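Enquirer: Protein chains in written order, with the working numbering: chain A, 1 to 256; chain B, 1 to 287.
Please note that a few of the clues may not be correct.
One-sided and incomplete, this derived list gives chain B residues near chain A with beta-carbon spacing under 8 Å [unchecked claim]:
| id | residue |
| --- | --- |
| 1 | Phe148 |
| 2 | Ala185 |
| 3 | Gly193 |
| 4 | Arg194 |
| 5 | Pro203 |
| 6 | Pro282 |
What the hints contain is simulated information worked out from the structure, not anything from laboratory work.
Every value quoted in this text rests on a predicted model; they were computed, and no experiment measured them.
Backbone N, C-alpha and C define an ideal beta-carbon position, used for all residues, glycine too.
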Amino acid sequence: MAASRHDIAVTVAEATKSFGERRVLDRFDLNIAQGEFVALLGVSGSGKTTLLKILTELERVDDGVVRVPRARSVVFQEPRLIPSMRVWRNVVVGQPRAQATRAAAEWALEEVGLVSHANAWPLTLSGGEAQRVALARALVREPRLLLLDEPFASLDALTRLRMQSLVTELCERHNPAVLLVTHDVDEAILLADRTVVLKEGRKTLDLSVDLPKPRSRANADFERIRRALLSELGVPSLESDHAEPRLSVAGAQETG
Amino acid sequence: MNAGASLEVLASEAEFQDLSRSAARRDVSLPYLRRRGRGLLRIVLPLALLVVWEIGSATKVISEETLPSPATVVAQFHQLIATGQLQAALGISLRRAALGLLFGFAVGAGFGLLNGASRLGEEIFDSTMQMFRMIPFLAIIPLLIVWFGIGETAKVVLIAFACVFPAYINTYAAVRSIDPKLIEAARVFGLRGRKLARTVILPNALPGVLVGLRYSMGVSILALIAAEEINANSGLGYLVSVAQTALNNNVIVALVIVYGVLGLLIDAIVRVLEAVLLPWRPSGVRK
């Protein structure tokens, strides 16, 4: 990605982080351009959560460079709304007083189609609604970096599809740099411009997804990327042709 | 052959349950009664006890010396109110309980919030709180008399001491049980320090703090009685101890009933507070 320094939203270079003896991030590199949608894949314990905590200032790197925009926000796996605050107050929580207005909250709620719930209490919302409020809370900050920490993982299948297209649409409209952390390979290929695999604290695969949107699983390239990612993640392809020996899929493209 | 077939039909019918509205209505279950009678169910048992008491007294199964009849107690109430004794004693006692509760609850809830939210606070104060908690408040009455004499101060201090610990334990637990993920998210969105405490920790610990308040209020009445029965020349406990010396069961039973009503009052107060302060909880939301 040939982008000038100005177009780069996120720079992570040689980032290293250890907890005691365990090295969770090991000279990890990642650049994300403004407007680029990157999906980060990795099995549990690969360092994804630590990377997110570093990008959200909840942890600090031991060594290396981390540079992120000030305007950034997160959508977590759980909505994490504050139950004692009405929906609209949750949306603008922590914003400076001048920006924590009802109008700002309603604008963001409008974006996710929940403006009619502005006065509701969070505990009365369904899981999908609560997650949309969490998305509105991220949007109201007009982030240049949007961090998505498995935001679709605890939704039912239909709500997940709706949320995925909502996120795609909103990202196209507001053009933030996006880092989506996920376990779901299909989701990564459907949404991202680029997929990165994190394994034991190191980047082991960095793959552009040059497919036209909206994407379809039926596409042959989709399947090619999917197999590459799955094998990198240590999942042997079950649907592979019987003629093809299973071991042959294990050869993955490694990048530094 | 025929009998066998019909048996099979019966068995398969028994495997189904009719859940349609008309069928369910015939089932007079407890939830059904609750929906119909709402508050009514609450007073059924107290009323039943009253009826048993009245019947027992009328048939002389319960002798007047063991337990005066409801009519005698009502007459006693009339007398206590007519002479103004009850109102005066109640006023004095409630003032003592309220003052003690105010101080005790403030100290307990304050330390509960501090120690729940801050590791340093917990390390400094928690062991001491745990130590004091184990001291029965009755045990310090002689000390309080030596320190403060037999005036109002000793009574209020005793009640306050007793009220600290229920407030402390429940507030501390409430703060600790707030989901750390919620706090993490609040930090990410820029809430730190005091603002975090005010907008996230305090409101979300409030249900537990109110449980602490409920216990503290109960304990304040308990400590009140202890303080007044041992040394006092006014208040409800004083009336009881006078009646005890005069072997006047009527007054004792009347005042025991007053204590019971105070218990109901405490419950009502906390319920109102919960409804007002916690509109966001599912139980409050459903209304």
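Enquirer: Each of the hints needs a verdict: does it hold here or not?
Expert: A quick look at each hint next to the structure:
1. Taking 8 Å as the C-beta cut-off, the interface hint given for B/Phe148 is violated, the closest approach to chain A being about 41 Å.
2. The restraint placing B/Ala185 at the interface with chain A holds, with a minimum CB-CB distance near 4 Å, inside the 8 Å limit.
3. Because the closest C-beta pair between B/Gly193 and chain A is about 12 Å apart, greater than 8 Å, the hint is violated.
4. Hint on B/Arg194 is violated. Least Cβ distance to chain A is approximately 13 Å, over the 8 Å limit.
5. Because the smallest distance between the Cβ of B/Pro203 and any Cβ of chain A comes to about 4 Å, under 8 Å, the interface hint for this residue holds.
6. About 5 Å separates the beta-carbon of B/Pro282 from the nearest beta-carbon of chain A, less than 8 Å, and the hint is met.
In this structure, the earlier hints numbered 1, 3 and 4 are contradicted, and the remaining ones agree with it.
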